[in-house]
Structure formats: C-alpha cells, structure tokens
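Protein chains in written order, with the working numbering: chain A, 1 to 275; chain B, 1001 to 1353; chain C, 2001 to 2280; chain D, 3001 to 3456.
Derived by calculation from the structure, the hints in this document are not laboratory data.
Don't take every hint at face value.
[Unchecked claim] Derived BS3-like pairs: lysine-lysine, alpha-carbon spacing no greater than 30 Å straight-line: (1) Lys3163(D) with Lys3311(D); (2) Lys3239(D) with Lys3329(D); (3) Lys3350(D) with Lys2223(C); (4) Lys42(A) with Lys3452(D); (5) Lys42(A) with Lys3229(D); (6) Lys3079(D) with Lys2223(C); (7) Lys2223(C) with Lys3347(D); (8) Lys2223(C) with Lys3052(D); (9) Lys2061(C) with Lys3300(D); (10) Lys3134(D) with Lys3353(D); (11) Lys3381(D) with Lys3041(D); (12) Lys3349(D) with Lys2223(C); (13) Lys42(A) with Lys3079(D); (14) Lys3347(D) with Lys3057(D); (15) Lys3057(D) with Lys2223(C); (16) Lys2167(C) with Lys169(A); (17) Lys2223(C) with Lys3300(D); (18) Lys3103(D) with Lys42(A); (19) Lys2223(C) with Lys3026(D); (20) Lys1184(B) with Lys1153(B); (21) Lys2223(C) with Lys2061(C); (22) Lys3353(D) with Lys3079(D); (23) Lys3192(D) with Lys3169(D); (24) Lys3325(D) with Lys3236(D); (25) Lys3325(D) with Lys3437(D); (26) Lys3134(D) with Lys42(A); (27) Lys42(A) with Lys3437(D); (28) Lys3103(D) with Lys3350(D); (29) Lys3311(D) with Lys2061(C); (30) Lys2223(C) with Lys3053(D); (31) Lys3041(D) with Lys2061(C); (32) Lys42(A) with Lys3442(D); (33) Lys1167(B) with Lys169(A); (34) Lys3172(D) with Lys3192(D); (35) Lys1104(B) with Lys1184(B); (36) Lys3134(D) with Lys3103(D); (37) Lys3416(D) with Lys42(A); (38) Lys2061(C) with Lys3310(D); (39) Lys2223(C) with Lys3103(D); (40) Lys3276(D) with Lys3169(D).
No experiment lies behind these values; they were computed from the predicted model shown.
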Amino acid sequence: MTSMQRWGLALLVPYVLLFLVFVLYPVLYGFWLARSPAAYAKLFEDPVFFRTVVNTLVFVVVAVNVKFVIALYLSGFFVNTRPWIRWLSVLFILPWAVPSIPTIFSVRFMLNPEWGMVNSIIFRLTGADGPNWLTDPTLALSMSMLVHVWKSLPFWTLILIAGRLAIPKEQYEAASVDGATGWQQFRYVTWPSMRTLYLTSTILSMIWTLGDFNSVYLLTGGGPADLTHVLATLGIRYIRLDQLEQAMATIVVSMPLVLPLVWFMVRRLSRDGTQ
Amino acid sequence: MASVHFRDVRKSFGATEILHGVSLDIADGEFVVLVGPSGCGKSTLLRMLAGLEEVTRGEIAIDDRVVNEVDSKDRDIAMVFQSYALYPHMTVRENMGFSLRLRKAERAIVDERVGRAAQILNLQAYLERYPRELSGGQRQRVAMGRAIVRDPKVFLFDEPLSNLDAKLRVAMRAEIKALHQRLKTTTVYVTHDQVEAMTMADRIAVMNEGRIEQLGEPLALYDRPANLFVAEFIGSPAMNLLDARLRRSDGAAWVELAGARWALAAGAPGADGQQVKVGVRPEHLRLGAEGLAGEVVVVEPTGAGTELVVQCDGASLTVVVHGRSGARPGDRVLLAPGPDHVHLFDASSGARL
Amino acid sequence: MSWKKAGTEARLLLVGIPVALWSAFPIYHIFLFAISSKDSAFSGALWPAQPTLRNFGAVFKQEHFFLYHFWQQMWNSLWIAATVGFLTLLIATCAAFAISRLRVRGGRLVMNAALFTYFIPAAFLAVPMYKAMSVYGLLNSSWSLVLAMVTLASPYAIWVLKQASDKLPWELDEAARIDGATPMQLFRLVYLPLMLPSLVAIGTYALLLAWNEYLYAFLLLSKETNVTLAVALGHFLSADDSPWELLMATGLLYGLPPAAIYYVFRRYMVGGLTAGAVKA
Amino acid sequence: MKSIGLYTVACAVALAFAQPAAAQEKLVVWFTKGFYAAEDKALDDMVAKFEKKTGVKVELSRYAVQEIIPKTVAALDAKNVPDVAFGHVYDFQVTSKWAYDGKLEDISDVINPIKDKFLKNTIETTHLWNDAAKKRAYYAFPLEQQTIHIQYWKDMLAEAGFKESDIPKNWKAYWDFWCGKVQTAHRKKSGKRSFAVGHPMGVDSTDSFYSFLTFMDAHNVSLVDANGKLTVDDPKVKKGLTAAMKDYTDIFTRGCTPPSSVNWKDPDNNVAFHNKTIMMTHNATISIVSKWVDDSTNDKLKPEEREQAKKNATELIATAAFPNKPDGKPFVYRAAVKTGVMFADAKNKKRGKEFIAFILEDENLIPFVEGALGRWYPVTKSGVARDFWKNDPHRLIVHNQFSAGTVPFEFTRNYKFTVLNNENVWAKAMNRVVSEKWTVEKAVDEMIARIKQVAN
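Using the sequences plus the hints, can you model the full thing?
This is how it looks when you write it as structure tokens:
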C-alpha cells in the first residue's frame, strides 16, 4: 500500500511540475498584468468590446450547439457498417486532421464575392450574383462559425460515435420488440445513454471554442469594421495595438463566461470519481 | 506450505467497522472455507490476507511471520478471482508464467512449471491461446494454473466458481478438491454457497456481519449448528424452524407447538416452560400417525426423493422424503421428527441450548 | 424486403453524399489551387484549364524564397509534434495511472487542477506563456513550443486516460500484485498494453494539436530554420503579393502527414479517444 | 526501465533549461520578412559581413509582417528583447508610442554624425518625444519609406475603349472617368463583371487608412497642428473630413469597387488586380508591378511565363500619380518612414549601435532597399540619386512623387494616432456609411468623437 502511494506520488510529479511551471505561473502573471483598473475602463470604452462579447456568446452558444446536433445525427449515420461508410469516415475526418491556415484561407478564397468559386457557381447556375459572404457582418460571423463547425465537427462526431457504440445492442433489440419507431428508439434508448457524454462534450467544446483564434482570425480578421471579433481575436488585437493590459483584461472579463463551464466540468468529474 | 493465523482482526472503512475481531487459525495443508451471506466480511478477510486491504487492527500471520505490513508480492500467496482476472493481452502460457517472469526465473524453469501445471489442469492444448478464446471453465482453470505455477504457501480462492453454470460448477468443485488433495497446499476459499463449503472444506468458518459464527468440520456444523444463523445457513433445503415451548416432566422432555407435541431425546437441555426455537432438517421430518398437523401445498419430485412443502398453522415446513411419495397437494398430514434430530435454540439469543 | 433494403441504402446515401461534399470541398479547393498555374488559380473554375504539378516541384525543391527552408521546417514540425505526442503520453499516462490505478491521495485535486488549465482559453494564455518561457530561458528553443503544447494537451489527455483506466477491471491489478508485480511492473506489463488503444488515440490527438498550432508557434519560435511549417505558411499571409498556389501546395503537403497518421491509427481512434468519456 | 526513461527525459528537459554558456558575443536582430528574395539576400549578406568584421554572432530572425508586433510586445513584456528590431508596421503602429513610454534606447550618438545623409523628412520622423525622460531625441532609425500610387491595367483601359491620355487630371473628373465611363464601357464590351477601382476599406488593413488619409490630404485636411494638438474642432477641418469621407465612400456606393473591398486586407487589392477583377487601384507601394518585375527574372519559371511577366511589367501595367487635388493644386503625398529601433532593455547595446551604423552605410543599405525592386524608396540622399530610380518607368513615377516633397503622418506629431490607425477609425466610419447606411455626417461625427477620446 505504501509503495503504491509512493509510486503514485512520484508519477504525479511530472504533471504537477508542468502545471505549476506552465499553467499556474503564467496564469497568475496574466492576472497580475490585468490588475490595472484603467485597463478595464479603457476596455469598456472601446466600442468594439461589447460587440465582441455578443459575438463570442453567439459563437459559443450557436456554433457549438449546431455542431453537436449535427455530430449527434452523424454519429448515428457512421455507426452503420458499410464499406463505403468506412471510407467516407476517413474522408470525413480530414478537416480535423489538416492544418487551419491553408484550409481556412481556401474557404476565404472560395467565398470571395467577385471571383470565388461559390459565387461563380451561383452565377453559372442562376445568373445572379451570390451574397457578399464575408462583408456582411452577420453573414461573415456565420461563415466563421461554419468554418469552426467544419473544422471541429469530425472530432466530436468521433466522440459521439464511441458513445453510441457503447450502448448494448440488446437495448435496441428490446426496444424493437416493444415496437419502438426510429425516433422512439433514439428518444428512449440512445439519448438516455448518451445524454451525459453529450453534455460533457458540449461544455468542453464550448471552453475550447472560446480559445478558437484561427476560425475568425484567418477568415474575417475581425472584419468588416471589427464587427466579427470574438474574445480570442480581440485579445490578440490588443496585443497588436501594444495594449497588453487590455489584452489581459479581456481574459478577466471573459471569466464569467468560462467559470460556470469549468465548474460544471469539475463537478462532472467528481461524480465520475465516486461512481 | 504454511499455517495462517488471524488474531482479533478488525477492519473499518471510515467510521464503520465491518469486521469485529476475527480470530482463526488455519493449519498447514488445511482447506478452510469462509462462507456467509454477501456483506458478511468474508471477502474482506481474504483480501486482507492477500494484502489487498489494509488491516485496521489485529494481526495476520503466515507461519510465524506477521504480514500486516508486507506487500502482497512478498507474502508468497496465490489467488484465484471470481472474475479470473486473466491478463487479456497475454496467452495462457504467459498468464501462467507471469509471476515467475516477474521473479526473473529462468526460462527453462518457467516452461517446466507452466507445462506441469498445464498437464495437471489439462490445458496443454490451449497454451498459445488468449483468454478471450477460451470458455468459462477453461479460463477458470487457467486462473488456477496461474496459482499452481507459483507453488505458493497459501492458495486463496475468492468465489472462483460463481461465474460458471451449475454443471461445470460441480465438476470444478471436484477438481479443486482433487487438486488440493494432490498438492496439499494450505487453502482459504471464500464462497457464499454452503454446498461448496460442505463438499470441499476440511473446516468451514460460517461468517455473519463481520464475525465468525461457527468454525468446524462440515458435518459437525451440519449436525450441531451453534446457533440459529448457522442452522439456517448450512444445509439445503434449509432447516425448518418453529417457535415452541419446552416442557419437561418425569424425566421426559418434549416441545409443544401449535397443539402438537414432539418428543425430545432424553438428555435434551433446557428448562421446563422455556420459550425455544425448534429446528428440524427436512430429511428428519416424518409423515406419520401423530405430530404436527398440516396441509401439503407443493409436491416436488427430485427423482432421488420428493420435497413436500407443508403448511402448518402459519408456518411453512419443508419435508424431504426418500424415494417417491404418494402425497398430493391438499392432503392433510401429521409431521414429527425423530427425537435425536431436534435442534433447540434459545428463542431470544438464538444460541444452541 | 429488398425494397426496404434499397430504401435504407438510399436514405444513407442521402446523408453520405452531402457529408462527403461538405468534408471534401474546401480540401478539394486547396488541391485545385495547388495544381493551378499562377494566373489560373483565381478563375473560380471547378477544374483548372491546364493542371500542373509544378507547384509541388517548386515546394520540394525549395524554389520560392518563402520556402527556402521547407524541408527543415517540415522536419521541425515533425520533431515537435512527435515530441509533444510522446511527452503528453508519458506525463498523462503516469498521472492517469497514479490517479486511477494507484489511487494516490490528492489525485482528484490534480485532476481538477488539470481542468483548471481550460479556465483560461489558450489564445489568452499566449503572452503570459511567452513571459514564462523567457523566465525559464527556453525562448527560441523548440522545447518552449513542445512544453507549451504538452501543457495544453495534457488536461484532456489525463482526463480521457483516467476514465479509460477506470474501466479496466480492478482485479487485474490485484492479480498482478499478488503475482509479485511492483507498481512499475504493473504499469509496464499490464497497464500500458491494455491501454494501448487509448494511448494511440491520445498520442494522435496531442500530435495533431501540436502539428496544427500557429499562434503559440510564431510567438515562441524565432529563427526561420527553427520555426514549424505552420509559421512559415504565415509568411504567405504577410506579403502584398503571395504565391497563393504555392501556399496551397505547401498546405496540402503539410496536411498529408496528419492525414496519414490518422489513417494508420483510425481503428484505435473511435474506441481509444473516448473509452473513458463514454461512461454514462 | 520505465524509471530510466523518465530520468532520461527529465535530464533532457533540465538540459534544455540550462542556459548555454556564452561562448561567443551575440547580437539578436529581428527583421520583417522581405517580400522578394533579393531583400532577404541583401540582409543576409549584410549580416555575414558584420559578423566577419566584428566577430559577433548575429542571431537574425525574420517575422511575417502581421506577427512582428505581437512578438515584440510579448518580448517587451518579458524584458527579453532583441538588440535591434525593424518592422514594416512599427512606424504606423508602435514606434512613437514606445518612444513616448520610454521603451526605446536613445540612438542619437549613432544618428547625429550621419544625420546629413538622410532626406530631411525621414530623419525628422525618428526624432521622437520620450515622456518618461522628458526629452526629444533620435529613438529610431529610418531604413526606407513608402507613399501611395495608382496602378492600372492599360489593356483593360484599352478594352473599354479609352486611351491613357483620356484620363483626366482633375480630381472629380478623374473618379467620374473611372467609375462612370470606364467601368460601364468595359463591362459592356467584355461582358465581365469588372470593377473600375480597387478601393481598400478593410479594418484589418493599412492600405485602407493610407488611402483614406490620402483622400483627406486631397481636401487639405490636417488633423493635428505642428505641436501635435488636435484640430478636429475647427469647422473647416470637419467640413474637409466630411468631403473626404463622401468622396471615399461614393466609390463604393456607386458600385465601382468590389463589394468585398469593405473587408479587404492588404493583399486583397493586389489579388483582385492580378486576376483582373479590378482595373485600377491605389496602393501604398508599387508592389503590384514589382511582383511581375520579380517574376520576369525568376529562373524557376518557364520562359513563356517570364515573357508574360515582363510584358505585364513593361507594357500592360501603368504606375501613376494621383490627380490634382479638388482645389486644382498638385498633390503632396504623405510618406511613411519605415523605422527600426533599439530597446532600452537591449542586452548588447554597444554592438547593436554598431550594427545600426553599419546597416545605414550606403554599401549595405542600398542593396537592401533596391532588393525590394522599387517597393520601398530610399531614405538617404545618395540612395535616391541612383539611376535605379530613373531607369524604369514605374520607379521614375515613384521618384517624382517623392521628389516633389512629402508630408509626414499625424502620428509623428501625436503618437496617439498610431492607436487610431491601428483601430482604423477611418475604415470603421466608411463601414458605417456603406454597410450600415449611416449618413456621412453622422459617421464623421462618431469618428471625430473617437479621435478626441483617444488622441486628446
């Protein structure tokens, strides 16, 4: 017993060190940088800031939930065993596996209203000009969300596939015998088993999405007119403006967003521990 | 080989004490079965012996060495788990040789001992297979093989047969018994199945609620259960128990129950008028001309005999009759035991009189 | 019966085809740029008039001065990603094993602390991380990026591995201990082999995270011969006139190793990544 | 075995942590990544020569233009700065602010002895106020400068049925010509959805504020006086700003610039120009034509591609000056002087200053500037006197624009304008008008309010 404890502690040391050195110190330092009240005053004065907070909320809530509804649906699709679906799943995972810079840039080019492929197809099919994908603020933010969904959908679908595969077949067989329709099977068998996984994943994805810099930065750069910034890009924008304090203040301000999410995760985890 | 000693062993989880001072001495080469209902603490006791649980108080010794603070690996014991706990990523050969490999034994010795164990257990054909490719009984045998290869001082079995079907269980029971007779290794065997306990043990320790209720040879327990708990627990079908009053007059003794009287043997203990529990094993009840009146409600032929369930004044008694019985449900019968086969227990303490 | 089957198949195709288009189209678009010549890349056509492989040749031969260090940078990316994968696995596996199998006191606390990392979205931690690396004298060494990425990948890794560990039967550990295994032997001979699918999946996860990282990479690395390919691709974004067709060709090549890694390990991914997360 | 592995890793990490022993004197230099191979090569040569001369090891890193400021900000915060740093956007965004905050090293002792070799306007912009030390001194050094030009496709103009000589010189007529006549005619003749003007309006773009401020100059608006005090409360200034904003946004409202131009980043007008979506654009360097000049001598391209590039550079693309101002007077262009700096926290100041002096020597600076193929204009008198600026029609135009005299940006007098440029209040006001349909007056009011809030 004691040797187990000893080894256990020894094995925890690498991570604890990593945490202290590369998480705790930088985080405390970040808070220290954000200590000046003037930075907050300036932040709240900046007209871009409120728009950014709204965008971030929309981004996190809408993009993540849309992503998860699709992922939940697709996980049901991918558990079908067909050779072509196996091949499709390899293709499907690519957006997650390939790097952001070329892919998001490719989307940006694709959506160019004048010479991009999407609008030229629209023009060829209908003879009308396509929408200005990236210059209308609402549309541009939607496109950023779409890119985000495109990029991270495969990962989460993978997770939900695993969740579905873990449901014992007998439950479906029993439900079929009881005469459940497809929707009822989902409602009474699939969903109850997957609810917790779904919720945990959604929360984790929300936390990660808050830190998603690429989808907005590379696609719209926050434009038009700084109307599509999210907190992650706003922070970097302040750094670019040589306003480090304000950049750090955005962290602190974003905390009310993150705090409940992290709290939920930690609690979820504790419950796991006692099961 | 070794003897095992528990000396006033206690175990608490937090504030709850679940073993209240267990003492038990197991002789070298003995096969002791710990039996009891689930939650009685028998597995915990075994796991403490294995070094998987800490001892809260008291002492556990193997031979003369107190092992409270000794790591499992240094206790020289082998254990067979209910789930077998075979390493799924190792073949049967590797599973059986694992402990020797950890001891850095020479290859030849490992092969030799694994081979011998495989032969004993009839596993030669399966040595290169993985656990998932084996049937339940085969896995069970591999788990035993893993223990045999160790040639340990003590074998521990933690409900090793409960995952097998009934027929296989009987067969494995015999095999384990035979194995013990062959190897003569001190064995502690935990089960909740009293039939297993009866058939395999040299001595049985019946446990309940963190205590040993009775320790003894199987038939001694069967014949003279020390208290109501043991009486009910050992034997199948279970002993019939009835409330009664003990009467004594002119050197004769009997019990009165529901208007009937059952004679007791001459030396029966207890005072006149004492409130008692009367216990009679089903095979000792006779259908006769006198005794307790009741109505047959169920007749279950088992082939070798017949089991009757008789409803007597609110109590339900089980009667085992040798051979076939002509009784039909609805028949009214009178029941009485032979005087030598009546067990008397104190009504309040449950202890044998 | 066969009608019903055909109907099911048709319904699956109805989902499968849009999924295929959705996943492949932006990547196809990259490919299109990569095989287009300079002037036809922006034509908006679905297939270039004169497809060419010259862009790939230019990348391989490091012909454009944005790409003078292409192979070096590819190697840097590989080295860094592989090291991140390895270190994340090492650290997270040790921690998960200690928390889940050795039930070390304080394990829960460490788990919660790990999750605390996500308290601050990664993009915000960048500058403080830079400061930290500067204090530790790690700046401009690839170790700074490696350690930063290990830090970001570890919480999720520990979390998934811990839950996957929890699912292994406890008796296996007990059996091994009785068989005479020390905790380290238990770790090496029983735990690691059984955790293999999860380890592969988490390793891949960490590797991909590091492979694709841009923000931390440009902040923490400096010299052109030290940076990863992602940072080098960033150069293309800076010029008034970039050879976009070369960017896309490079990007496509950059995407190949992770795609290959995923392909090789795909049978582990579904089960492994989530073995733990599934617990209802 | 596991533990051995663990310890190996631990040792490796420990080794990585250990500071390497300083065997050789070191100089850390950060530069913006060049746009052309020749630029980078000139810098490499310069560094090699310096290393040979002094025996100092120069650690040169190059960053993409959008990364160098975040990178430097992080470095400043960590007090782990390069000894010498040069960024193409430093002057727009940070140099004068850093000087004000006292983050820069006074390099007057390097600049003073060679002061006379610089063009007056360039050296002036590096003479900056340090509010911490309450003094004005040379806190930066100029390397190159830029101003704004117009480039157009001669063949597209011809396709529309016009000659170059048809292009009016008068401000209003000039824009009407492109916007009204050329675009309509070209669309009709070619059947393509072409646009006459590439008109940068993106917030995340230096082109857009450079262009807007040029439009402002056309209306003789000056937002600060000689002392850096704001003049926006002057009704004349407000009127001029409104007129400039109206002219600028009109081009969009009239549909003469691609809709996407409201979100253009710096490269986007180039891209649209090269694929002939637009016929003309104003751009704060001649990078558009320089690309083809570069391609025309690129031996990695096929001969016919080189031929086409050469044709584009010499025959099809024109570089031109702006038309006369609305008041009929000739244009005075604003020049942006690209500055390099040494930080107060620099570790090797002595060698850093040597390095600065070294790169400012003609034989080093000239190949570096000319390596940019005309994209950057020299800051030294000897540099501008070279034939390089006369033997090419495009560069000659640039040379003439500069020779007529230039004006500096507002931020050289009031550093807070770096913030306004950075935030791009100008592009934001444009977007209010074109996207949110505000009146020009309302947008200008909001803009002035913000200017006062930031720069007062």
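The hints, checked one at a time:
1. This hinted pair checks out: Lys3163(D) and Lys3311(D) have alpha carbons roughly 18 Å apart, not beyond 30 Å.
2. For a cut-off of 30 Å, the pair hint linking Lys3239(D) to Lys3329(D) stands: about 19 Å separates their Cα positions.
3. Restraint check for Lys3350(D) and Lys2223(C): the C-alpha separation of about 23 Å stays at or below 30 Å, so the hint holds.
4. Under the criterion of a C-alpha separation no larger than 30 Å, the hint pairing Lys42(A) with Lys3452(D) is consistent with the structure, at around 14 Å.
5. About 22 Å separates the Cα atoms of Lys42(A) and Lys3229(D), which keeps this hinted pair within 30 Å; it holds.
6. With a CA separation close to 19 Å, the supplied pair Lys3079(D) and Lys2223(C) stays within the 30 Å bound.
7. Among the hinted pairs, Lys2223(C) with Lys3347(D) is consistent with the structure: their alpha-carbon atoms are about 18 Å apart, no more than 30 Å.
8. Simply put, Lys2223(C) and Lys3052(D) have alpha-carbon atoms about 20 Å apart, close enough for the 30 Å limit, and the pair holds.
9. Between the alpha carbons of Lys2061(C) and Lys3300(D) the distance comes to roughly 10 Å, so the proposed pair stays at or under 30 Å and holds.
10. At most 30 Å may separate the alpha-carbon atoms for a hinted pair to count; Lys3134(D) and Lys3353(D) meet this at roughly 22 Å.
11. Under the criterion of a C-alpha separation no larger than 30 Å, the hint pairing Lys3381(D) with Lys3041(D) is consistent with the structure, at around 23 Å.
12. Taking the CA atoms of Lys3349(D) and Lys2223(C), the gap is about 21 Å. The hint holds against a cut of 30 Å.
13. In summary, the hint linking Lys42(A) to Lys3079(D) is supported, as the alpha carbons are separated by about 24 Å, within the 30 Å threshold.
14. Distance restraint check for Lys3347(D) and Lys3057(D): the Cα-Cα separation of roughly 14 Å lies within the 30 Å cut-off, and the hinted pair is therefore satisfied.
15. In summary, the hint linking Lys3057(D) to Lys2223(C) is supported, as the alpha carbons are separated by about 14 Å, within the 30 Å threshold.
16. A distance of roughly 19 Å separates the Cα atoms of Lys2167(C) and Lys169(A); the hinted pair therefore holds under the 30 Å criterion.
17. Note on Lys2223(C) and Lys3300(D): the hinted pairing holds, with a Cα-Cα distance of about 26 Å set against a maximum of 30 Å.
18. Note on Lys3103(D) and Lys42(A): the hinted pairing holds, with a Cα-Cα distance of about 21 Å set against a maximum of 30 Å.
19. Distance hint between Lys2223(C) and Lys3026(D) is fulfilled; the C-alpha atoms sit about 14 Å from each other, no more than 30 Å.
20. Distance restraint check for Lys1184(B) and Lys1153(B): the Cα-Cα separation of roughly 10 Å lies within the 30 Å cut-off, and the hinted pair is therefore satisfied.
21. For the hint pairing Lys2223(C) with Lys2061(C), the CA-to-CA distance comes to about 21 Å; that is within 30 Å, so the pair holds.
22. Simply put, Lys3353(D) and Lys3079(D) have alpha-carbon atoms about 19 Å apart, close enough for the 30 Å limit, and the pair holds.
23. The hinted pair formed by Lys3192(D) and Lys3169(D) meets the criterion: a straight-line CA distance of about 27 Å does not exceed 30 Å.
24. Of the supplied pair hints, the one linking Lys3325(D) and Lys3236(D) holds, its CA atoms being roughly 17 Å apart against a limit of 30 Å.
25. Restraint check: the Cα-Cα separation between Lys3325(D) and Lys3437(D) comes to about 27 Å, which is no more than 30 Å; the hinted pair holds.
26. Straight-line distance between C-alpha atoms of Lys3134(D) and Lys42(A) comes to about 25 Å, which keeps the hinted pair within the 30 Å bound.
27. Restraint check for Lys42(A) and Lys3437(D): the C-alpha separation of about 28 Å stays at or below 30 Å, so the hint holds.
28. A distance of roughly 17 Å separates the Cα atoms of Lys3103(D) and Lys3350(D); the hinted pair therefore holds under the 30 Å criterion.
29. Using a Cα cut-off of 30 Å, the hinted pair Lys3311(D) and Lys2061(C) holds, with the two alpha carbons roughly 27 Å apart.
30. Between Lys2223(C) and Lys3053(D) the CA atoms are separated by roughly 22 Å; this keeps the pair inside 30 Å, and the hint holds.
31. This hinted pair checks out: Lys3041(D) and Lys2061(C) have alpha carbons roughly 18 Å apart, not beyond 30 Å.
32. Restraint check for Lys42(A) and Lys3442(D): the C-alpha separation of about 23 Å stays at or below 30 Å, so the hint holds.
33. Taking the CA atoms of Lys1167(B) and Lys169(A), the gap is about 29 Å. The hint holds against a cut of 30 Å.
34. Distance check on the hinted pair: Lys3172(D) and Lys3192(D) sit about 26 Å apart at the alpha-carbon level, within 30 Å; holds.
35. Pair hint Lys1104(B) plus Lys1184(B) holds up; C-alpha atoms about 26 Å apart against a cutoff of 30 Å.
36. About 13 Å separates the Cα atoms of Lys3134(D) and Lys3103(D), which keeps this hinted pair within 30 Å; it holds.
37. Under the criterion of a C-alpha separation no larger than 30 Å, the hint pairing Lys3416(D) with Lys42(A) is consistent with the structure, at around 14 Å.
38. The suggested pairing of Lys2061(C) with Lys3310(D) holds, with an alpha-carbon distance near 24 Å, which does not exceed 30 Å.
39. At most 30 Å may separate the alpha-carbon atoms for a hinted pair to count; Lys2223(C) and Lys3103(D) meet this at roughly 24 Å.
40. Only pairs whose Cα atoms come within 30 Å are accepted, and Lys3276(D) paired with Lys3169(D) is accepted, the gap being roughly 24 Å.
Of the numbered hints listed earlier, not one is contradicted by the structure.
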